[in-house]
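Enquirer: Below, each chain spelled out in residue letters.
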Amino acid sequence: MPVSSSVKTPAILDIHDVTVAYHRKPVLWDIDLEIHQPALIGIVGPNGAGKSTLIKAILGLVPTASGQISMFGKPVKRQRKRIGYVPQRESVDWDFPINALDAVLMGTYGKLGWFIRPGKPQRNWAHECLERVGMADYADRQIGQLSGGQQQRVFLARALAQQADIYFMDEPMAGVDAATEQVVFDLLRELRSDGKTVLVVHHDLRTVAKYFDDVVLLNMRLVAHGPVDEVFTQENLIKTYGGRLGILEDAAEALRTQEKSQ
Amino acid sequence: MISYNTLIVLAGTSLLGACAGLVGSYAVLRRRALAGDALAHAALPGLCLAFLLLDEKNLPFMLLGALISGLLGMAIVSGLRLTTRVKEDAAIGIVLSVFFGAGIVLSRIIQNRTTSGSKAGLDSYILGKTAGMIASDIYLIAGVSLLCLLTVILLYKEFKVVSFDPDFAVVQGWPAFALDMLLMGMVAVAVVIGLPAVGVVMMAALLIIPTSAARFWTEDLGMLQWLSVLFGTATGIVGTYASSKYGLLPTGPVIVLVGTGFFIISLFFAPRRGMLAKFFQEHRFEKQLAHEALLRLLYEQVEKCQSANKAFSLVELEPQFSGKPRQLRPLLRNAIRANDIKQDRHGNYTLTTSGMSRAVAEVRVRRLWELLLSEDAEAVHSFQERESRSITELLPAEKFAKLESRLADSGREPICFPTSN
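Keeping their order, the protein sequence lines are chains B and L. The first sequence lines up with residues 812 to 1073 when you count with my numbering. The second sequence lines up with residues 52 to 472 when you count with my numbering.
By construction, these hints were calculated from the structure, which means they are not laboratory data. Virtual Cβ for every residue (Gly too), placed ideally from N, Cα, C. Some hints could be false.
[Unchecked claim] Which chain B residues stay away from chain L? Per the calculated CB distances, all over 10 Å, these:
id: 1; residue: Thr-830
id: 2; residue: Ala-832
id: 3; residue: Arg-835
id: 4; residue: Lys-836
id: 5; residue: Pro-849
id: 6; residue: Ala-850
id: 7; residue: Ser-877
id: 8; residue: Ile-880
id: 9; residue: Phe-883
id: 10; residue: Asn-935
id: 11; residue: Glu-942
id: 12; residue: Asp-997
id: 13; residue: Arg-1000
id: 14; residue: Asp-1015
id: 15; residue: Asp-1024
[As the list claims (entries may be wrong)] Derived CB-CB ranges, DEER-like:
id: 16; chain 1: B; residue 1: Gln-956; chain 2: L; residue 2: Asp-460; range: 34 to 42 Å
id: 17; chain 1: B; residue 1: Leu-923; chain 2: L; residue 2: Ser-456; range: 34 to 42 Å
id: 18; chain 1: L; residue 1: Met-232; chain 2: B; residue 2: Phe-996; range: 51 to 59 Å
id: 19; chain 1: L; residue 1: Ser-456; chain 2: B; residue 2: Asp-997; range: 23 to 31 Å
id: 20; chain 1: L; residue 1: Thr-311; chain 2: B; residue 2: Gly-1006; range: 56 to 64 Å
Please put together the full structure from these sequences, using the hints given.
Expert: Have a look at this one:
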């Protein structure tokens, strides 16, 4: 045995035996998932499979009934400053009286600590983050006046402003325009080349191979986890989605496009 | 002449208005306005019980009782919502009426039981009364208000992120639940210190109305809170003064009426968000759409006869016009003023040079849209929520170029026919 295997660096994310239940109904069963290499990871599964719940359980937003989760070798609670989060767009009230820059500035709050207000360096940084998602011109707009795709980009910029090592994104491509989808695509690539890990809840089977290195197939239990070209197979998709006809057609098409791209 | 006593009371109620406006902004933004109302009503039985226990009118002690029963009411609302099928609005309704009913019963029991002069004060907590207040009461109100103000100044950023996106705040490591409790606690304290002056029935209005009025004027949280404080202060001062001046009316209802005055002014006259501004924006928009439709109509007539020099009469245009016939004439007049069309000596209409180029641009955009819709209905659907009507912004550049060349190929590319002037 080589010596180096005994001094393993801690996993980026280590989910051990996690079960989540709402009102005594289990939503996620015994999830075991380890991530050792920085990667773009798509979390895929049918509606109600617990994709968002998995992310929320990792982040401590929903209580887990059992199991342990650690991030970079420590409990998630102690790694808050290394996490970036893009919630579902519908989760907030967009009529809230702030502009796009204010919303992005919130990403800097975590590192600022108690009582200290963001200053010039934070504002400049927030501007830079808006620029990276192509929203620099909208910094002064009230967030409610932005389109859905633009709101999504504000959320992405806010996550960028967190300067995290691991990002969690809840359906960032749901219901957005072509321009925003391109922004998300480019951003994921940038984050990967910076050595970040990004977990993305994704609903569109056809684009899984285009966006992600790895895929987590989820339907209340973990069906499979691994590189897209090994794990994203017809067999695993049937296991994930059951015999649902329309979905399987999508899946078949997804596999075809995947083969084409190889 | 304003007496020392009145001055003290005015200082107290203005601070109270400021405090309610400030913490009320969070209650309104978090959609918890009704919770404030339930809290105020639920405070009454605690107030009465505290009086029964001491058998004298001791304001700090009674306010403590009010705070405890108010918070108990809130806890019951949360409990009902979380553990039963009762929805939040129903839970608020139940708690509000049950606690208020109990409070009224208790206050009558006190009135029937005690014979001392001090009982008379209790009814004033229902609709509010400032006349009986003494300086020490006012100091209490002022002290609590200043404490709330300092807390908001200190925790401005923390409250902001928790109010906008509590999940995100948790992920960042903020104790969102504790901050939320602190906010609700401040709302509770503001409600309770307002009870003597404004009363349980109307207190929630002092939380809700200043912020609701301020929201019409600004899109910025900090400005919203300053305005809300300003409206709250003004409401407190004017309301107290008016109620003591005109035959000792109960303060609560007068304050609410004054606050509503600010609200109505804001509702109608605020720029951008106000009703009048909205109405004019709509009107302008409709007029612009109709103007564009008219230009397209004229261009299509020109295109049919391949000459810009033929003038069209009202009778010729009317059957082609898609809007209401009686709108056509004012639209034409408007277009003449905009120098897009002109009228010859027979009263017939032609496009001017500038009108022609504008019409061509309009027709072109319309035809590009039609082409896009006929080719890729699904793509357009995903653009629908975008606010921009400009097709160039919607499409990636290379796609737009392709669309343009397809329009040219289809032979429907509009061209500028030379006009006579």
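Enquirer: All hints are to be evaluated individually against the structure, with a verdict given for each.
Expert: Hints and how they fare:
Thr-830 of chain B, annotated as away from the interface, keeps every beta carbon of chain L farther than 10 Å; the closest lies near 21 Å. For Ala-832 of chain B, the non-interface assignment is confirmed: its Cβ lies about 16 Å from the closest Cβ of chain L, beyond the 10 Å cut-off. Every beta carbon of chain L lies more than 10 Å from that of Arg-835 of chain B, the smallest distance being close to 13 Å; the non-interface claim holds. Against chain L, the non-interface label of Lys-836 of chain B holds: every CB pair exceeds 10 Å, the least being about 16 Å.
Under the 10 Å C-beta cut-off, the non-interface status given to Pro-849 of chain B relative to chain L holds; the minimum distance is some 20 Å. Under the 10 Å C-beta cut-off, the non-interface status given to Ala-850 of chain B relative to chain L holds; the minimum distance is some 21 Å. The Cβ of Ser-877 of chain B lies farther than 10 Å from every Cβ of chain L, with a closest approach of about 21 Å, so its non-interface assignment holds. For Ile-880 of chain B, the condition that its CB be more than 10 Å from all CB atoms of chain L holds, with the nearest at approximately 13 Å.
Under the 10 Å C-beta cut-off, the non-interface status given to Phe-883 of chain B relative to chain L holds; the minimum distance is some 15 Å. The claim that Asn-935 of chain B lies off the interface holds: its Cβ sits roughly 17 Å from the closest Cβ of chain L, which is beyond the 10 Å cut-off. The claim that Glu-942 of chain B is not at the interface with chain L holds, since no C-beta of that chain comes within 10 Å of its own (minimum 18 Å). Chain L leaves Asp-997 of chain B outside its interface by the beta-carbon criterion, the shortest separation being 13 Å against a cut-off of 10 Å.
The beta carbon of Arg-1000 of chain B is kept farther than 10 Å from every beta carbon of chain L, the shortest such distance being approximately 18 Å. With a closest Cβ-Cβ approach of about 12 Å to chain L, Asp-1015 of chain B is found to remain outside the 10 Å limit, as its non-interface label requires. Distance to chain L confirms Asp-1024 of chain B as a non-interface residue, since its nearest Cβ pair spans about 24 Å, more than 10 Å. Range check, Gln-956 of chain B to Asp-460 of chain L: Cβ separation about 38 Å, and the 34 to 42 Å hint holds.
Roughly 52 Å separates the CB atoms of Leu-923 of chain B and Ser-456 of chain L, a value that falls outside the hinted 34 to 42 Å. As the Cβ distance of Met-232 of chain L to Phe-996 of chain B is approximately 41 Å, the hint placing it in 51 to 59 Å is violated. Taken as a hint, the range 23 to 31 Å holds for the pair Ser-456 of chain L and Asp-997 of chain B, whose Cβ atoms sit roughly 27 Å apart. About 58 Å separates the C-beta atoms of Thr-311 of chain L and Gly-1006 of chain B, a value consistent with the hinted range of 56 to 64 Å.
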